[in-house]
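Quick note, the sequences are listed as chains A and B, same order.
Quick note on our numbering: the first sequence kicks off at 1 and runs consecutively.
Quick note on our numbering: the second sequence kicks off at 1001 and runs consecutively.
Hints are computed from structural coordinates only; laboratory data are not their basis.
Note that the structure is predicted; figures quoted are calculated from it, not measured.
Don't be surprised by glycine CBs; every beta carbon is placed ideally from N, CA and C.
Warning: the hint list may mix true and false statements.
Stated by the list, open to error - Okay, the calculated bits of chain B under chain A, using three or more residues with CB under 8 Å as the criterion:
hint: 1; stretch: 1202 to 1209
hint: 2; stretch: 1229 to 1237
hint: 3; stretch: 1271 to 1283
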Amino acid sequence: MAGSGKAHLREASDTIIRVEDLVVEFPAGRGRVVHAVSGISIDLAQGETLGLVGESGCGKSTTAKAMIQLPPPTAGSVDFNGVDLTKLAGEDLRQIRTDLQIIFQDPISSLNPRRKVGDVVAEPLRVWGPHDEVEQVERVDNMLEAVGIDPDVARGKHAHEFSGGQCQRISIARALVLEPQVIICDEPVSALDVSVQAQILNLLEDLKERYELTLVFIAHDLAVVKNISDRVAVMYLGKMCEVSEANELYENPAHPYTRLLVSSSPEPDPFVEIDETTEVNSELPSPIDPPSGCRFRTRCEFADELCERVEPQMRKVGDDHFVACHHPLLPVIEEAPFAAADGGHDDPTDRTSATDLAPGDGDESQTKEGNPQ
Amino acid sequence: MTTTDSVVADSRIHGDDDLLVVKDLKTHFALPAGMVKAVDGVSFNLARGRTLGVVGESGSGKTVLSRTVMNLNLGNNVHTSGSATFEGRELIGLRSKELQGVWGLEIAMVFQDPMTSLNPVVKVGRQVTEHIRKHLGVSKSEARDTAIELLRSVRIPEAEARFNNYPHELSGGMRQRVSIAIALACGPKLLFADEPTTALDVTVQHQILNLLGQQRRERNMAMVLVTHDLGVVAGRTDEIAVMYAGRIVEKAPTKTLFSDVRHPYTEALLRSIPKTSERNHTRLAAIAGRPPDLINPPEGCKFSPRCPYAQDRCRTEEPPVQFGESNEHQFSCWYPVGTPENKEAWERNLALGLPQTVAVATGSVSEVSVSAAETTDGDD
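Work out the full structure: start from the sequences and follow the hints.
Here is the structure:
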């Protein structure tokens, strides 16, 4: 892609979260702006695990956090069960956040070191109820047990008395205790050893089934993402490259960037040939001044004048497989419905075409909002 | 391993054409809580131009091992014993004056985080030339030419311009290339690369590993690649040593290790990693429990509390080094994977309902029981 477009979005009635034209920008001083996320659209079906992959700085964490308004995005909409979260503020947003929880990368620093584990997990209940203490304790115990921690041993201990994997289990218990619908997992296993990583991945799979959760799973390890995800979205420099069903993405990558990622991912198999010949420019351009057109073109072997001038739009290349590339590695099945219109907007000198497109798409999202579930 | 065993094993472990010979190396750290046995009796050899991968989880002693050989463990609470000879010369206990003739010149090291291993207030060019001038005694301009040549050989674009950059002006991958250039500057015969790509993105990691491989071949340099990622070492090493609780539990030529696993820990490690070649939602075979306490390690085999095949003998007696089909394949286990004894042990444990065995059999760590055991372990 590094492109825009919404061909990969599904019917609004099938999805629990629908993000459209999400833009997140941060001031970088002296009037400059970091274009962390530039016009991302993605949706999540109930009970689905969406994997977000990409190199550091591609905006995967920013996208996921903007979904739960942490912080609210610069532009775009986040539709959660028919409510646009970006339009909510104060008490309304606070109420709805109970359904949206997050697990962070570093399990030890995300737990308050001065509080007992029982209190850490009970905290959400003290805010939201039930306020009956006996019931609280019961819920906390059930939750700790569900994540594989013995509540009788753990309740009175502090976070530092547990290993990284156990702390991550406690963080998961804290996120689950309010029975949320969606959990954002921001690199939850990156800080863990491989043997513990497998425990946590299995645990997340079990809990997802048991509590009918919808997960957004962020990781830089492609094998981890494939293992847990139903659908995977590949991001590059604040843009979406490719969205696909997980197995299909790894077997038939359609975007040159996805292929680069998959082929670079070290496979624990000594009989797999390692490609030592291709020298790819591995330097990420600055998100303050991203390349025009397709943002990946500076590193792409197929890049031409078209890629420099026009930003590619999402196009269908297979069943639930979409790619934003002018020269995809798979034949295009269906042109994007928005492609013609959006292409018209594209100005070769305009580097922030995504933000420009947002007003044009406004009517579109309004009609969708009138479509209650 | 007991002393008599190690003497017997010695002749089979160590060959003639060895660049580095490590014998019964131990590094212990004295802490108020007790003696941490970070490296606890490691023996291996490395021939010229060969690559050894050292794999293990955090706390397995892989980093301390490389730092011990390099004499980089500072502080008066460090207790080192055993020997590490490089071209017949003992490295352990060398004075810092003598070490200056070894570091960089004979043995070099690339660290995990290039941001902290490079000096942030010195231009990268000077960090490369400093080394060349000190060791090779060349003039300033000659050193500059050599340095630019080196930066080019590690594929830094516009090497002349980069020469005058500070580390913070370079990306993570470029910084790691600079530290590799510094390590290679004096043409060392042995390179320790300690998690050289852990802080980098996969595409950059791929490039850096390719670079290390190319440089190693061109210079006929031996390399020790320390990592927690079996994927990193799988296609890029001649041999792999798997470490657990300060010891090498299995060591074999790379392909043998993957195709003929003998130690239960290696087997468990390989099973627990997600692979891109598997379908999504493939159940991972997690290893029950967590790495051992290095101050009070378990009796007998250190892996026994987590091992699905563990028998009474494993819990009391330390297994000696055994050999596979060739002398190059070594492992320390009473019930090696793939033997009838191993199969019996498995069935016995399954019948007894041992938690870690049931966990592997059913594909789910029986969470509560294992965690409870772990937590109580943590108390003492």
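Task: Those earlier numbered hints the structure runs against, lowest number first - done: When the structure is compared with the hints, none of them turns out to be violated.
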